[in-house]
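From first to last, the protein sequence lines are chains Z and D.
Heads up, the first sequence stops at 327 in this note's numbering, and the numbers go up one at a time, no gaps.
Heads up, the second sequence stops at 327 in this note's numbering, and the numbers go up one at a time, no gaps.
Hints are computed from structural coordinates only; laboratory data are not their basis.
A few of these clues could be false.
Which copy? The list can't say, so a pair holds if one copy fits it or any two copies do.
[As the list claims (entries may be wrong)] Here are the simulated SDA-like pairs of lysine to any residue, each with C-alpha atoms no more than 25 Å apart in a straight line: (1) K166 x T42; (2) K46 x L36; (3) K31 x M155; (4) K46 x L86; (5) K237 x N110.
What you are looking at is a predicted structure, and each value in this text was computed from that prediction instead of being measured.
Residues per chain are reported as follows:
There are 2 protein chains.
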Amino acid sequence: MTNFDLFNQVTDELAIVEERLISSIKSDLPLLDQASTHLVKAGGKRLRPAFALLSAKMFTESLDEVIPLAVALELIHMATLVHDDVIDNSSLRRGRETVKSGWGNRVSIYAGNYVFARSLSLVSLYQRSDILEVLAEASMRICEGEINQMMSCYDVNQGLKDYLRRIERKTALLISVSCQLGAMLLNVEEYKTRALKNYGYYLGMAFQITDDILDFVADEEILGKPVGSDIKQGVITLPAIYAIKFDPRGDQLRNWLASPEECANRSEDIIQIVNDSEGIDYAYQVSCRYLEKARQELRFLPDVPVKESFNNIALFISNREF
Amino acid sequence: MTNFDLFNQVTDELAIVEERLISSIKSDLPLLDQASTHLVKAGGKRLRPAFALLSAKMFTESLDEVIPLAVALELIHMATLVHDDVIDNSSLRRGRETVKSGWGNRVSIYAGNYVFARSLSLVSLYQRSDILEVLAEASMRICEGEINQMMSCYDVNQGLKDYLRRIERKTALLISVSCQLGAMLLNVEEYKTRALKNYGYYLGMAFQITDDILDFVADEEILGKPVGSDIKQGVITLPAIYAIKFDPRGDQLRNWLASPEECANRSEDIIQIVNDSEGIDYAYQVSCRYLEKARQELRFLPDVPVKESFNNIALFISNREF
Numbered sequence: 006m007t008n009f010d011l012f013n014q015v016t017d018e019l020a021i022v023e024e025r026l027i028s029s030i031k032s033d034l035p036l037l038d039q040a041s042t043h044l045v046k047a048g049g050k051r052l053r054p055a056f057a058l059l060s061a062k063m064f065t066e067s068l069d070e071v072i073p074l075a076v077a078l079e080l081i082h083m084a085t086l087v088h089d090d091v092i093d094n095s096s097l098r099r100g101r102e103t104v105k106s107g108w109g110n111r112v113s114i115y116a117g118n119y120v121f122a123r124s125l126s127l128v129s130l131y132q133r134s135d136i137l138e139v140l141a142e143a144s145m146r147i148c149e150g151e152i153n154q155m156m157s158c159y160d161v162n163q164g165l166k167d168y169l170r171r172i173e174r175k176t177a178l179l180i181s182v183s184c185q186l187g188a189m190l191l192n193v194e195e196y197k198t199r200a201l202k203n204y205g206y207y208l209g210m211a212f213q214i215t216d217d218i219l220d221f222v223a224d225e226e227i228l229g230k231p232v233g234s235d236i237k238q239g240v241i242t243l244p245a246i247y248a249i250k251f252d253p254r255g256d257q258l259r260n261w262l263a264s265p266e267e268c269a270n271r272s273e274d275i276i277q278i279v280n281d282s283e284g285i286d287y288a289y290q291v292s293c294r295y296l297e298k299a300r301q302e303l304r305f306l307p308d309v310p311v312k313e314s315f316n317n318i319a320l321f322i323s324n325r326e327f
Numbered sequence: 006m007t008n009f010d011l012f013n014q015v016t017d018e019l020a021i022v023e024e025r026l027i028s029s030i031k032s033d034l035p036l037l038d039q040a041s042t043h044l045v046k047a048g049g050k051r052l053r054p055a056f057a058l059l060s061a062k063m064f065t066e067s068l069d070e071v072i073p074l075a076v077a078l079e080l081i082h083m084a085t086l087v088h089d090d091v092i093d094n095s096s097l098r099r100g101r102e103t104v105k106s107g108w109g110n111r112v113s114i115y116a117g118n119y120v121f122a123r124s125l126s127l128v129s130l131y132q133r134s135d136i137l138e139v140l141a142e143a144s145m146r147i148c149e150g151e152i153n154q155m156m157s158c159y160d161v162n163q164g165l166k167d168y169l170r171r172i173e174r175k176t177a178l179l180i181s182v183s184c185q186l187g188a189m190l191l192n193v194e195e196y197k198t199r200a201l202k203n204y205g206y207y208l209g210m211a212f213q214i215t216d217d218i219l220d221f222v223a224d225e226e227i228l229g230k231p232v233g234s235d236i237k238q239g240v241i242t243l244p245a246i247y248a249i250k251f252d253p254r255g256d257q258l259r260n261w262l263a264s265p266e267e268c269a270n271r272s273e274d275i276i277q278i279v280n281d282s283e284g285i286d287y288a289y290q291v292s293c294r295y296l297e298k299a300r301q302e303l304r305f306l307p308d309v310p311v312k313e314s315f316n317n318i319a320l321f322i323s324n325r326e327f
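Model the full assembly from the supplied sequences, consistent with the hints where possible.
Structure below.
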């Protein structure tokens with residue numbers, strides 16, 4: 006099953022989103038224009054637009070009204086990516102040069118700010134301050150998550166709870182908001198909006214956990230970025246947190262992960278230990294629990310064809326190949 | 006005349022803004038909290054809140070409703086400053102350590118984003134999407150101005166027009182928006198809102214021009230930052246643009262200003278040439294023309310006591326000591 010199948014209920018709309026992403030960030034300034042366009046063309050799964058569109062499609066067939074929201078959500082996501090690039094000194098994202106490595110730190114920061122401001126101007130067209138409020142609140146939490154991730158680098162004493170709180174802000178929140186706003190825009194009953202919001206939250210958690218697993222086990226070609234990039238940067242994710250605590254070589258792992266030098270130089274050894282441990286399996290189980298919770302939320306939603314997509318997405322994530 | 010006298014019509018409200026600035030950016034994350042609070046406590050003239058309050062006071066005595074807007078405007082301004090710090094490697098702003106030099110690049114970027122998102126959540130409380138639209142649009146233009154400034158560094162071929170377009174986005178826009186929104190919030194007649202918007206624009210232009218003059222002529226102690234900091238970074242402002250074109254030593258100046266090394270090492274010589282030229286006088290005249298235009302806009306506004314403040318602010322800027 007591919008992304009295409011999962012989102013086939015909104016294929017046409019996603020194509021429009023793609024066009025609008027490019028047209029929406031046009032600027033008179035060539036440098037800004039190039040940097041932003043490069044950012045859009047680097048691609049990505051467009052998960053957030055897809056979720057907003059699917060959510061709305063639960064309640065209406067005409068999704069024209071939802072397009073600007075879908076575009077805005079992806080722009081917000083992109084703004085966080087371009088700022089991450091500045092910070093992590095990443096030179097490769099999804100196999101393409103990042104804005105930073107092409108144009109330098111300054112342009113990356115400004116391009117991120119520009120893209121974020123553009124998303125707001127799109128949202129302002131709805132004249133819906135409740136939607137803005139949700140986005141503003143989410144943006145603040147996302148910043149907190151980023152600071153949190155930075156602070157927890159090389160911190161070998163973090164536990165499951167710290168990790169979950171971090172990925173909640175890093176990933177789950179904006180996916181949750183995407184599902185929520187797709188419904189909110191159409192003023193559907195509150196319990197349905199809440200069910201979609203919760204679905205997005207649980208799904209986002211599972212998505213990030215499996216993404217973190219992939220950083221240990223995936224093929225570089227499939228991943229589109231170097232394997233072990235988390236470890237190299239001292240980002241300690243669930244499989245490693247488990248292995249530190251429960252693997253016989255946990256103490257060795259703990260010492261290495263606490264040291265920026267060892268993380269950078271011994272990433273292959275570290276990845277090996279984590280792969281040999283039960284950390285991957287454990288993380289996978291945690292992810293599956295979230296996916297089950299996500300699917301439970303679907304009970305509150307109308308039995309329309311698009312509902313199957315929500316179910317399939319959860320199944321797809323539980324079947325990601327490790 | 007001091008800032009205190011200029012804004013004495015809104016002294017009490019500015020004190021509330023100051024408190025709210027600190028309380029509004031509280032975060033559970035100690036590092037983010039410290040960085041943001043440091044940013045607020047670094048002070049600043051609070052020009053944007055003052056203008057929003059004064060504008061509103063043209064039409065009402067009760068300014069409670071305007072406070073969140075005033076706070077939001079300063080937060081937006083602060084977000085741009087903290088991102089500037091990352092970029093310029095400034096280690097001193099207003100005589101205090103910048104967020105960057107205290108906590109590093111990453112925290113500065115995230116703190117800026119956080120503070121910006123916080124300003125949006127404040128604005129969303131008004132349930133006024135027209136206000137959001139103005140702010141989103143202004144934010145995009147400000148980013149463009151920042152990129153523009155970056156691109157024009159060491160560019161000795163820029164003219165008056167390039168310079169004016171740049172400072173428009175860098176400074177005049179947000180001051181203009183502050184004046185405009187103070188009136189918009191109260192739904193006053195459109196021509197009055199426009200007069201305040203124009204006043205803010207012209208005043209902002211004059212303010213930046215005199216600020217740029219000060220970078221050549223002021224005392225380091227008065228300025229709160231090193232004299233010649235523009236030149237050292239290759240930022241070519243009006244006095245230098247004039248001197249390049251019309252001073253007998255213009256060619257010498259042109260060669261130096263085109264070179265990052267000469268800008269860094271010969272800043273004192275460069276400052277001397279510009280000071281000896283008629284560039285300072287010329288820039289001052291341009292500034293005065295804007296101030297005259299600003300004062301002309303006041304004709305469209307009601308004859309209430311606060312109008313005198315708008316007049317005095319323009320006079321104050323024309324009397325800044327060079």
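Hints, verified against the model:
For the identical chains of this complex, K166 and T42 are neighbours neither inside a copy (38 Å) nor across copies (27 Å), given an alpha-carbon limit of 25 Å. For the identical chains of this complex, K46 and L36 are intra-copy neighbours only, at 15 Å inside a copy versus 35 Å across copies, given an alpha-carbon limit of 25 Å. Within a single copy, K31 and M155 get their C-alpha atoms only as close as 32 Å, which misses the 25 Å cut-off; across copies the closest is 19 Å, which meets it. For the homomeric pair K46 and L86, the shortest alpha-carbon distance inside one copy (13 Å) is at most 25 Å, but the shortest distance between copies (30 Å) is not.
When the C-alpha separation of K237 and N110 is checked against a cutoff of 25 Å, the pair qualifies both within a copy, at 21 Å, and between copies, at 19 Å.
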